[in-house]
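Enquirer: Order-wise, the sequence lines are chains A and B.
Number 339 in numbering that gives the first Met the number 0 belongs to position 340 of the first sequence; there are no gaps in the numbering.
Number 344 in numbering that gives the first Met the number 0 belongs to position 345 of the second sequence; there are no gaps in the numbering.
Calculated from the structure, these hints are not laboratory results.
Take these hints with a grain of salt, some might be off.
It does not matter which identical chain is used: a pair holds within one copy or between any two.
[Said to hold, decoys possible] Derived lysine-lysine pairs resembling DSSO-like cross-links, with alpha carbons at most 27 Å apart:
(1) Lys63 to Lys374
(2) Lys276 to Lys254
(3) Lys369 to Lys3
(4) Lys27 to Lys376
(5) Lys369 to Lys399
(6) Lys371 to Lys88
(7) Lys276 to Lys215
2 protein chains.
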Amino acid sequence: MLDKFVISNKGITAPKGFKANGIACGIKESGKKDLAIIFSEKPASAAAVFTTSKVQAAPVLVSKEYIEDGIIQAIIINSGNANACTGAKGLKNSILMTETTADELKINPRSVLIASTGIIGVQLPMDKIKQGVKDIVKTLSEQDQNSSKNAAEAIMTTDTFSKELSVELNLDGVLVSIGGMAKGSGMIAPNMATMLCFITTDVNIEKTVLENSLKKAVDLSFNMITVDGEISTNDMTAILANGLAGNKEITANSKEELLFQEALNFLCVELAKTIVKDGEGATKFIEISVENAKSFTDAKNIALSVANSNLVKTAFFGEDANWGRIMAAIGKAEADINSDLVDIYFEDQQIVKDGTGFLFDEEKINQILKSKEIKVKIDLKNGRDKAKVWTSDLSYDYVKINADYRT
Amino acid sequence: MLDKFVISNKGITAPKGFKANGIACGIKESGKKDLAIIFSEKPASAAAVFTTSKVQAAPVLVSKEYIEDGIIQAIIINSGNANACTGAKGLKNSILMTETTADELKINPRSVLIASTGIIGVQLPMDKIKQGVKDIVKTLSEQDQNSSKNAAEAIMTTDTFSKELSVELNLDGVLVSIGGMAKGSGMIAPNMATMLCFITTDVNIEKTVLENSLKKAVDLSFNMITVDGEISTNDMTAILANGLAGNKEITANSKEELLFQEALNFLCVELAKTIVKDGEGATKFIEISVENAKSFTDAKNIALSVANSNLVKTAFFGEDANWGRIMAAIGKAEADINSDLVDIYFEDQQIVKDGTGFLFDEEKINQILKSKEIKVKIDLKNGRDKAKVWTSDLSYDYVKINADYRT
């Protein structure tokens with residue numbers, strides 16, 4: 000797959016015509032960066048996917064409305080405060096943030112997306128943010144690895160490292176870039192909430208194709224990771240495509256659509272994996288792949304049930320070859336299975352055959368369980384569909400981080 | 000409610016005509032009790048509810064078949080081995096256990112229910128069990144608090160105390176008893192799996208009324224508790240009603256049906272609560288009640304979503320008034336809500352009003368959070384239905400117990 004596109008570590012300003020930066024405007028008491036802007040010099044086709052939670056933060060409500068016409072030119076993001084559960088005042092503040100950003104950038108306010116992440120239930124410090132927006136707009140720069148990194152850092156909360164990636168691909172002789180940055184540490188740590196991802200690209204692409212591509216990529220990446228099974232009030236993934244690469248517009252069912260989809264999938268999966276690797280208290284990175292299911296939904300439900308099981312997660316933390324917990328987690332998933340057909344492997348070692356324990360090489364299994372990254376394969380032998388989910392273990396530190404968070 | 004029936008702590012032999020006992024037959028290496036029998040001198044009307052898991056242990060498959068005609072005279076239960084994921088041999092062994100029990104008791108083999116709890120994936124030591132059945136049958140006794148307690152102890156796995164209760168009620172001048180015993184410590188600790196509950200009663204009751212009564216009671220009790228959101232391969236609740244109290248047969252929609260239902264609900268709810276109180280690593284017992292929902296299902300989904308949220312549970316362990324996590328858990332539940340209407344109370348102290356933080360007396364809230372038992376009320380102001388769920392917090396010890404289980 001990698002011969003079709005090349006990884007470049009330039010982040011969100013890798014594509015042509017995108018400026019960005021991240022600064023500290025004083026929302027975080029620590030003085031760390033907390034405000035980021037992404038700006039496209041040309042209005043861009045845009046698509047986004049939002050949290051499915053019924054408790055939605057003000058910035059989610061605003062962004063959902065503004066993205067309806069599909070044209071976006073800037074994204075403003077703050078960390079340190081989620082502006083969630085903040086009522087009418089919170090909604091007004093989100094709108095004000097987009098207006099201030101539009102004023103400074105001299106663009107239409109409804110072409111500004113907004114996202115917030117951080118503490119729930121506290122109003123935003125609007126004076127600091129207004130000043131911050133004025134300051135940051137002066138510093139935006141393009142094709143700049145430092146600016147990209149600043150922006151990626153400014154959206155962090157409990158993250159222990161920033162997450163960014165870019166790839167380049169050749170579309171019929173034209174070089175096209177996709178850049179992305181993400182944050183998240185725990186699917187959600189509700190006072191410091193949220194999984195966020197922002198993707199820029201200079202590709203020229205039909206709006207509906209862009210929307211479908213993003214949906215497909217998110218379904219294979221951010222929808223397939225879980226640290227603690229939680230859903231945030233602020234989750235959001237957005238993509239802006241400004242067309243400045245100059246390729247022939249990508250249309251549905253073209254060879255170029257497939258190439259772009261592959262590159263976008265790769266970018267999203269890699270960013271998603273880094274979120275799990277930075278999971279709260281995580282000591283292990285675990286890939287659960289479910290094969291030969293009756294449907295993708297069955298495969299996904301089983302993989303998520305196993306990945307979200309506290310008992311499976313604590314067993315991995317304890318480096319315990321406890322396949323009974325995996326069988327129990329498979330059993331509770333909503334899926335059409337025959338438990339007498341299930342095979343389970345840790346890496347290349349089979350541990351369950353036809354639903355019962357399989358004599359395994361204990362030394363080899365113990366060695367696999369000691370490693371930082373573990374692949375678990377569940378073969379249902381019941382169909383042809385498959386799904387892959389990434390998760391972390393459940394450690395003392397997860398409890399520590401989340402029990403001590405505010406105290 | 001308590002004036003309608005009286006608590007008596009006699010356990011499962013409280014009702015007339017029920018014998019029981021529990022012994023150690025050698026399944027558990029520790030030498031602790033591991034085999035129990037409940038025997039009704041008269042074939043009893045029976046009803047049972049089984050795990051919804053798609054991975055079902057052999058004893059579940061056998062009991063499901065045998066209970067179809069609704070007449071049961073004995074229940075044999077072993078702990079220390081779940082006989083789950085044990086294939087055709089496991090199934091044969093479960094049938095053999097019922098046959099041996101029937102032989103010794105001189106009853107029809109298909110009138111014997113069977114349940115197992117303990118390690119998954121290991122075959123039962125049938126020689127020990129066969130000898131155990133012979134031994135225990137000689138020791139069964141009725142109206143005997145010690146025998147009841149022995150049986151309750153013989154079904155324990157990681158439980159730290161045995162769980163039994165009985166109630167007496169007056170049905171139109173006739174004294175009727177209901178006795179119950181349960182086990183469970185964690186909804187499931189899959190190598191030492193399972194929530195089990197066995198209820199005896201001497202009431203005379205129509206079979207379909209008995210079935211409905213059990214279903215209703217389980218829906219309000221065992222289906223409303225959660226320690227870690229797991230479902231076992233072996234879960235089972237069964238009730239035997241032998242009619243020896245001599246009351247006029249309870250029929251549908253009678254005053255007596257209501258009285259019996261209330262007493263059965265009480266017994267099941269109390270036993271369910273003790274399971275949560277014995278939850279793995281639990282330091283707090285938390286009641287989540289959701290009020291004014293559009294439907295019971297909505298209320299239940301929200302209560303379970305909050306109760307199962309690792310972030311809510313770690314916050315309670317940390318004694319942290321983190322209402323944002325509760326709002327997030329409400330938001331991810333499948334339910335029809337308006338997040339701008341949600342009120343949340345800890346005991347009598349309001350902490351959220353109309354979906355946003357409500358100025359609260361921090362000292363009072365901190366005091367509430369320090370107690371061992373905490374009531375959380377979520378008022379959706381969106382309908383008239385309600386549900387109540389009981390759960391525990393998530394502590395270091397939960398991780399310790401489950402990470403170190405086999406090692």
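Enquirer: Now tell me if each hint is right for this structure.
Expert: Each hint, compared with the structure:
In this assembly of identical chains, Lys63 and Lys374 lie within 27 Å of each other by CA distance neither inside one copy nor across copies; the values are 37 Å within and 36 Å between. For the identical chains of this complex, Lys276 and Lys254 are neighbours neither inside a copy (33 Å) nor across copies (60 Å), given an alpha-carbon limit of 27 Å. In this homomeric assembly, Lys369 and Lys3 never come within 27 Å of each other (Cα to Cα): the closest approach is 35 Å inside a single copy and 58 Å across copies. Taking the shortest Cα distances, Lys27 and Lys376 never come within 27 Å of each other, neither inside one copy (42 Å) nor across copies (32 Å).
For the homomeric pair Lys369 and Lys399, the shortest alpha-carbon distances inside one copy (22 Å) and between copies (17 Å) are both at most 27 Å. In this homomeric assembly, Lys371 and Lys88 never come within 27 Å of each other (Cα to Cα): the closest approach is 45 Å inside a single copy and 37 Å across copies. For the identical chains of this complex, Lys276 and Lys215 are intra-copy neighbours only, at 22 Å inside a copy versus 44 Å across copies, given an alpha-carbon limit of 27 Å.
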